[in-house]
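Number of protein chains: 2
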Amino acid sequence: MKLGRLNHVAIAVPDLEKATAIYRDTLGGSVTEPQALPEHGVTVVFVDLGNTKVELLEPLGEGSPIGAFLEKNPSGGMHHVCYEVDDIIVARDRLKAGGARVLGDGEPKTGAHGKPVLFLHPKDFCGTLVELEQA
Amino acid sequence: MKLGRLNHVAIAVPDLEKATAIYRDTLGGSVTEPQALPEHGVTVVFVDLGNTKVELLEPLGEGSPIGAFLEKNPSGGMHHVCYEVDDIIVARDRLKAGGARVLGDGEPKTGAHGKPVLFLHPKDFCGTLVELEQA
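Residue numbers (UniProt numbering), protein chains in the order written: chain A, 1 to 135; chain B, 1 to 135.
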């Protein structure tokens, strides 16, 4: 497998409107409209940085996957990085053969960009939650 | 001020050799040789992602600026993001005028790429330590 581009850095935030204002008004970034993704339990705003994106994530509904993270980090914080790979199945099989843990049932889900994604266990990747997205 | 490109995502790690092997051998990334930066209290390896970089940071010497972070996060973790700006003094003055806190004495230091850098207080930026680097 070959590590591809950084698709985005995700930052979990307790208040998406406030976070969007920080990135748009304070830092002068270009931001999208909020997009509710109920099937992922988050509402998302993307900040376009030219070469890559920041993904601002706010919990949506009960049992959001970022709920526990925000309890531990009430001001928000960096939640994961997303790297692109050419073939997510080849990447998954090679990573699993090397002993890395893939989260969930190991089958790719459809991510925020409509492409197959997987998450890798932070303990196997320098304490960092890694999302892989098919390029 | 206008938010520029993502220069890098920094990941603090307890063992740079092991982290480099994960990024090179497990993930198939292109990595640099380790570079000791005693004036910054870290040894650095860059992972080239095509559009941006991951900066792997290991503490170097006494009182490393990432020492406390690694005590709290012994497996490592995402430490900061670095955004490029056209003029770091203009950016700093505008941010300060808006009430954002600049770390240290507020004067830019020379960063790992030989360019002026500043760090912004995580509490003002969604719980995320933000480095600004003059592009």
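There could be a bad hint or two in this list.
No copy is singled out in the list; a pair is fine if it fits within one copy or between any two copies.
Straight-line alpha carbon distances no greater than 27 Å define the calculated DSS-like cross-link-like pairs of lysine-lysine that follow [stated by the list, open to error]:
#1 2 / 72
#2 18 / 2
#3 96 / 18
#4 123 / 18
#5 72 / 115
#6 115 / 53
#7 109 / 18
#8 53 / 2
#9 123 / 96
The set of hints was computed from the structure by calculation and includes no laboratory data.
Status of residue 115 relative to residue 72 across identical chains (alpha carbons, at most 27 Å): neither (30 Å within a copy, 34 Å between copies)
Alpha-carbon proximity context of residue 109 and residue 18, limit 27 Å: neither (29 Å within a copy, 30 Å between copies)
Intra- versus inter-copy proximity for residue 18 and residue 123 (alpha-carbon distance at most 27 Å): Intra 31 Å, inter 13 Å, cutoff 27 Å: inter-copy only.
Within, between, both or neither, where residue 96 and residue 18 count as close if Cα-Cα is 27 Å or less: This pair counts as between: shortest inter-copy Cα distance 18 Å, intra-copy 39 Å.
Homo-oligomer pair classification [residue 96, residue 123; C-alpha up to 27 Å]: within (14 Å within a copy, 38 Å between copies)
Within, between, both or neither: residue 115, residue 53 at alpha-carbon 27 Å: both (16 Å within a copy, 23 Å between copies)
Homo-oligomer pair classification [residue 2, residue 53; C-alpha up to 27 Å]: both (21 Å within a copy, 15 Å between copies)
27 Å Cα threshold - placement of residue 72 relative to residue 2: neither (33 Å within a copy, 31 Å between copies)
27 Å Cα threshold - placement of residue 2 relative to residue 18: This pair counts as between: shortest inter-copy Cα distance 18 Å, intra-copy 37 Å.
Of the numbered hints stated above, those contradicted by the structure are hints 1, 5 and 7, listed in ascending order.
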